[in-house]
Amino acid sequence: MGEAKKILVVDDEPDAVEFVKTVLSREDWEVVSAEDGQAGLEAAVADPPDLIILDVQMPKKDGFEVFFELQQKETTRSIPVIMLTAVGQRTGLRFSAGEMDAYMDVQPQAYVEKPIDPSGLINAVRKALA
Amino acid sequence: MEKLLKHLEREALRKLIDVSRTVSSSLDLHEVLTRVTHTATDTMRVKAASLLLVERESGDLFFEVAEGEKAEAVRRIVVPMGKGIAGWVAAHRRSLIVNDVASDGRFTGWVDEMTGFTTRAILCVPLLYREKLLGVMEVINKVDGTEFTDGDLRLCESMGSLAAIAIDNAQIHAEQVRSARLAAIGQTMAGLAHCIKNILNAVQGGSYIVDLGLKDHDEEKLVKGWQIVKRNSAFLGELVLNMLTYSKEREPSYCDADLSEISQRVVELVSESAQRRNVRLRWESGGEAVVARIDPVGIRRVLMNLVSNAVEACPDNGDGEVCVRADVRETNQVVIQISDNGCGIAPENRSKLFHEFFSTKGSRGTGLGLAVSHKIVSEHKGRIEVDSMPGQGTTFTILLPRRPSEVRAR
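Chains as they are written, first to last, in the working numbering: chain A, 1 to 130; chain B, 1 to 410.
Okay, chain A solo, but in the shape it has when bound (with noise of 0.2 angstroms):
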């Protein structure tokens, strides 16, 4: 058996990050989590995770922008990366649509719902993780 999978969970809201933790560790993964854009980054990239679960809408740098960098490093561009969503929600909130298709070939591996059902998470992390 390897090492835990660890998950890297970028959310500015502590109480989701709470959620989405106690959800997962009940698998046997280890969690960390950043609180904001920024620090996501930098942690991904100081100890690149097996995945990433992104939350989309935060203040300063939002989900897609991180995702567009996180396809930009070559240390990062592999991690498999999970987008937490409220619905209906596909449009970042700081780009236009010609810059959405720049990098919009590469998507994220799932979009999980707000308000997030935790079999649907654990399906979701176990497949990213496959």
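You can take every hint at face value.
Just so you have them, the derived chain A footprint on chain B, three or more residues with Cβ under 8 angstroms: (1) 194 to 201; (2) 204 to 212; (3) 224 to 232.
Please keep in mind that the hints were generated in silico from the structure rather than gathered at the bench.
The beta carbon of each residue, even a glycine, is placed where N, CA and C say it ideally should be.
For this one, chain A is given, so just place chain B on it according to the hints.
Okay, now just chain B, sitting in the frame of chain A:
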């Protein structure tokens, strides 16, 4: 004698011109109607005058402005359409002079009974504009005891027409503001829905953790989960209160209240979330009570919004500090200041603060709190000032008239 009459007519004409200037220069309906009524009292030299408006939904008349003896007492009275002289004039849309009310069957005297005033002679005109009845204006008891004349009637009707124009303008303006506000709410439904979904996510998350705690007999989980549920239920409560306040048209209900006490209470309520963020939140006393005529519920909403915002703007590394203070300033103003040493507001965002639903807070922000705060303070005829630079913290200063009814009546 004739010279005197001509002089009075010229005076009256001049006053009429003044009134028409007032009507076209101010959108504050109450202010305009107060001046019209005041002019009527002055020019016709009467002991009392009032202006009643038709309440849209019930069709009854209420006293919008009352001047002279027993004015305060009269303000709370509602006159059913058709009742008494004012009611008759409204129902028939015709002016009336009754120089001896006791001998006129239309006079009921019920308002006199309630106020202790004795009406002897009354002149009442309907306020009509484009076929619509907007209200009535009445003048009562000439000071020198003489009777009301046709000349008086014409003058009153002229003033009444001007008042009617002002009322119609103000009602149209109010409708436009209402529509704009509702449209804004519609546009922000998506934004609010996002915010609510995020809060809901946290409530469900907390419940999930409570369930685990119960299943595993794990008290730590139980406590943690319950805190999350409690906290987010409170957030939801705040959001709903803001939504309701923003969409309702309401006159503040004024009473004398101590702003120091209200600020202190708000600080207590927000202290729990401040503690969680390691932010030092304190209330400073100027030493004495800060009493003003305000709508305590509304002002509390404003303070809840601004103090919570201040706490959230602070860093969570322990350096954060928020200070709330209420003072009396000059003789007719009170001031409440909320200062934080948080992230500050960028200059390009300053102008958007109160005028749109604007927020930089990510999933929790709707901009509704600021919009609501602005609305409430405006209703109080006060204002909010912002002093802020990015990286240097922010101070919100709320200025309120100490006795807004006095500000209006002048």
